[in-house]
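Chains B and C: place on chain A using the hints.
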Amino acid sequence: MQKRPELIALFTDFGVGSHYLGQLKARLIAERVTQPVIDLCSDAPAFNPRASAYLLESFLPYMPPASLFVSVVDPGVGSDRRALLVKDDRFWFLGPDNGLLARVVARRKAVEIQTVELPEVTARSRTFDGRDFFAPAAALVCQGRPVPGQPVFRDSLVGADWPEELAEVIYLDSYGNAVTGLSGRGLSDDLCLRAGGRTLPHAETFSSVSPGTLFWYVNANGLVEIAASRANAAKQLGLTIGTSVAWGD
Amino acid sequence: MQKRPELIALFTDFGVGSHYLGQLKARLIAERVTQPVIDLCSDAPAFNPRASAYLLESFLPYMPPASLFVSVVDPGVGSDRRALLVKDDRFWFLGPDNGLLARVVARRKAVEIQTVELPEVTARSRTFDGRDFFAPAAALVCQGRPVPGQPVFRDSLVGADWPEELAEVIYLDSYGNAVTGLSGRGLSDDLCLRAGGRTLPHAETFSSVSPGTLFWYVNANGLVEIAASRANAAKQLGLTIGTSVAWGD
Amino acid sequence: MQKRPELIALFTDFGVGSHYLGQLKARLIAERVTQPVIDLCSDAPAFNPRASAYLLESFLPYMPPASLFVSVVDPGVGSDRRALLVKDDRFWFLGPDNGLLARVVARRKAVEIQTVELPEVTARSRTFDGRDFFAPAAALVCQGRPVPGQPVFRDSLVGADWPEELAEVIYLDSYGNAVTGLSGRGLSDDLCLRAGGRTLPHAETFSSVSPGTLFWYVNANGLVEIAASRANAAKQLGLTIGTSVAWGD
Numbered sequence: 001m002q003k004r005p006e007l008i009a010l011f012t013d014f015g016v017g018s019h020y021l022g023q024l025k026a027r028l029i030a031e032r033v034t035q036p037v038i039d040l041c042s043d044a045p046a047f048n049p050r051a052s053a054y055l056l057e058s059f060l061p062y063m064p065p066a067s068l069f070v071s072v073v074d075p076g077v078g079s080d081r082r083a084l085l086v087k088d089d090r091f092w093f094l095g096p097d098n099g100l101l102a103r104v105v106a107r108r109k110a111v112e113i114q115t116v117e118l119p120e121v122t123a124r125s126r127t128f129d130g131r132d133f134f135a136p137a138a139a140l141v142c143q144g145r146p147v148p149g150q151p152v153f154r155d156s157l158v159g160a161d162w163p164e165e166l167a168e169v170i171y172l173d174s175y176g177n178a179v180t181g182l183s184g185r186g187l188s189d190d191l192c193l194r195a196g197g198r199t200l201p202h203a204e205t206f207s208s209v210s211p212g213t214l215f216w217y218v219n220a221n222g223l224v225e226i227a228a229s230r231a232n233a234a235k236q237l238g239l240t241i242g243t244s245v246a247w248g249d
Numbered sequence: 001m002q003k004r005p006e007l008i009a010l011f012t013d014f015g016v017g018s019h020y021l022g023q024l025k026a027r028l029i030a031e032r033v034t035q036p037v038i039d040l041c042s043d044a045p046a047f048n049p050r051a052s053a054y055l056l057e058s059f060l061p062y063m064p065p066a067s068l069f070v071s072v073v074d075p076g077v078g079s080d081r082r083a084l085l086v087k088d089d090r091f092w093f094l095g096p097d098n099g100l101l102a103r104v105v106a107r108r109k110a111v112e113i114q115t116v117e118l119p120e121v122t123a124r125s126r127t128f129d130g131r132d133f134f135a136p137a138a139a140l141v142c143q144g145r146p147v148p149g150q151p152v153f154r155d156s157l158v159g160a161d162w163p164e165e166l167a168e169v170i171y172l173d174s175y176g177n178a179v180t181g182l183s184g185r186g187l188s189d190d191l192c193l194r195a196g197g198r199t200l201p202h203a204e205t206f207s208s209v210s211p212g213t214l215f216w217y218v219n220a221n222g223l224v225e226i227a228a229s230r231a232n233a234a235k236q237l238g239l240t241i242g243t244s245v246a247w248g249d
Numbered sequence: 001m002q003k004r005p006e007l008i009a010l011f012t013d014f015g016v017g018s019h020y021l022g023q024l025k026a027r028l029i030a031e032r033v034t035q036p037v038i039d040l041c042s043d044a045p046a047f048n049p050r051a052s053a054y055l056l057e058s059f060l061p062y063m064p065p066a067s068l069f070v071s072v073v074d075p076g077v078g079s080d081r082r083a084l085l086v087k088d089d090r091f092w093f094l095g096p097d098n099g100l101l102a103r104v105v106a107r108r109k110a111v112e113i114q115t116v117e118l119p120e121v122t123a124r125s126r127t128f129d130g131r132d133f134f135a136p137a138a139a140l141v142c143q144g145r146p147v148p149g150q151p152v153f154r155d156s157l158v159g160a161d162w163p164e165e166l167a168e169v170i171y172l173d174s175y176g177n178a179v180t181g182l183s184g185r186g187l188s189d190d191l192c193l194r195a196g197g198r199t200l201p202h203a204e205t206f207s208s209v210s211p212g213t214l215f216w217y218v219n220a221n222g223l224v225e226i227a228a229s230r231a232n233a234a235k236q237l238g239l240t241i242g243t244s245v246a247w248g249d
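Residue numbers (the working numbering), protein chains in the order written: chain A, 1 to 249; chain B, 1 to 249; chain C, 1 to 249.
Hints may be right or wrong, so weigh each one.
No copy labels: a pair is met if it fits in one copy or bridges any two.
[As the list claims (entries may be wrong)] In silico lysine to any residue, SDA-like type, Cα no more than 25 Å apart, as pairs: (1) Lys109 <-> Ala30; (2) Lys3 <-> Glu31; (3) Lys235 <-> Gly76; (4) Lys235 <-> Val77; (5) Lys3 <-> Pro146.
Hint data in this document are derived by calculation from the structure and do not stem from the laboratory. Here the structure is a predicted model, which means the values were calculated and not measured.
Pulled out of the complex, with its shape left as it was, chain A reads as follows:
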């Protein structure tokens, strides 16, 4: 395993424009972190660690080794929910124990999991753990220093019992494409997907259908996605985060 991260990837529901990402980054700089920091995803489903967990999982195959994911979708901030550090031979993950890391733990076989306990950070009235807690924790990891905490059993994690796949919309992108939590592996092109009252055929890619046509395809991160060529599928079908989808005619 790499001793230290070579990249920090921020996975959050902070949105863009506001000061949340900026203050988190300023804190990393204040802590003398020198690794490059990228905004991997800043509009993960807000307040929704479950949908976010499946989205985060789908990104793993395309991330460089020695990436540290700072993952903050955290409606329970300020409560006594645990904070976690997960590591294996390829990645590190920091995040709240609310299910957000459940899918990456399930996917990665041999992981070490521990709580993160930073006594100098006051527990009360914390509403911005991204800046005040996870950023200094990330700095410890980046500097190869020990992170205080206790070992955690894999089965004790929130979300440890979640299914392999989620037959729901878990993300809407700016084009109006709707990502589902369904794996795209080994699917027949003959399958049809039902969503928003419609039955959608498969297409290989956007340019293989005429403009406006609705279809499903396996997206660039391996998940089943509902899209339209040069049009907004989510709007046409009335899809939102959590909308159910199903295979069938």
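For chains B and C alone, kept in the frame of chain A given last:
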């Protein structure tokens, strides 16, 4: 005092996605600036230096020493409004003299203030001072070179007479939380805040109330903020930038 | 000519917040690219290489030498449209052959143009060439290594026959300003611009008219732009990408 900035923090109303931030950063690179640049806030209240001034002030305690703030909320760009450089033992600030820097000047006791005069930049038909004026000025500061200009008296700044606090909404974030210009220091938890026709109780943090509940709390930057647990408070209350708030029953 | 780029500028319709920009950047880091990367524009007109081409062209005079533009507005991704590398004594450009680079080729006199052929990248089911194709191609350019491909004649490019100017709205920014594809060079201030059923006078800059006033001006990138002082011109006039404009009374 540090001789040179170690970090450039951009505080603007440029929005995200468009080329404004990108062109400003390209200009910094063209000027051989090597300090890290972060987007501290890119959706400061548009055309509104007054609300923006209180927001910027609230960020100071959480920024690393030796930060240079390039601050551009500048509806008067192209007019003869002055450009300012403010510095003290901790920070540098560049921005227009339209009130945007008034609150940081008020908060920081011993500051040096000067105009910024870059004769090579044509005054007429300037509409993008962020790129064409403040970026080269920032490069001078970053390189420890003198910045041409005249000393300015603190009391002559636009906004020098603005109050310590603003009983208004000064910012809406992507979750729908509404930040006010009221300081959170020394407030009793028994206080109620009136906003949007409703009277809101205090809560410590998001997870201490049930989903949907409206409340006020002291946000992570020390300001009074109106929020709802896992819901959009601004939409529910009809709050916009400038909406008045008041303590009371 | 510089041997290697000193800056990577991303020009895309990916939007912000989503994982598209982040995954592209992660891939650049995985490929050991060390040049700084900036988001030059992330909300280029979606699915619209033609409008995007004129916007990209307008940015060139303000970019540092030795910039590499990674340009992805690519509704035909996955089809057999060619991928291009364009270079001259100042810039490199990577992008699809769908017109997106047509205007920069027209503007730059002596350019070399070639296809980009990366055999190891599978052609089928590619839907994210930004990450999977253009990022590794950019890495080759950044490392000064040869990029596999064939020479391309300038006249064979999609968009080679497009006009010098476009009397249409090609971009809407977050303030509601509407950029047109009309050059601002040599225009009389007496001209009026017709757009959205209104006839708009010229103004030098935002601060030279009263709040709310609609006007046209030559924007900071040399294009004719429709704006209102401290207000949203596009909304007031009902302008969208593609809306025609014309000089006249």
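Is it within, between, both, or neither for Lys109 and Ala30, if the alpha carbons may be no more than 25 Å apart?
-> Cα proximity of Lys109 and Ala30: across copies only (23 Å, versus 34 Å in one copy).
Could you place Lys3 and Glu31 in one of the four classes (within, between, both, neither) given a Cα distance threshold of 25 Å?
-> This pair counts as both: shortest intra-copy Cα distance 18 Å, inter-copy 20 Å.
Between copies, within a copy, both or neither: which fits Lys235 and Gly76 at Cα up to 25 Å?
-> between (30 Å within a copy, 22 Å between copies)
With 25 Å as the alpha-carbon cut-off, assign the pair Lys3 and Pro146 to within, between, both or neither.
-> within (11 Å within a copy, 34 Å between copies)
Under a CA distance limit of 25 Å, which applies to Lys235 and Val77: within one copy, between copies, both, or neither?
-> between (32 Å within a copy, 22 Å between copies)
Of the hints listed earlier, there is not a single one the structure fails to meet.
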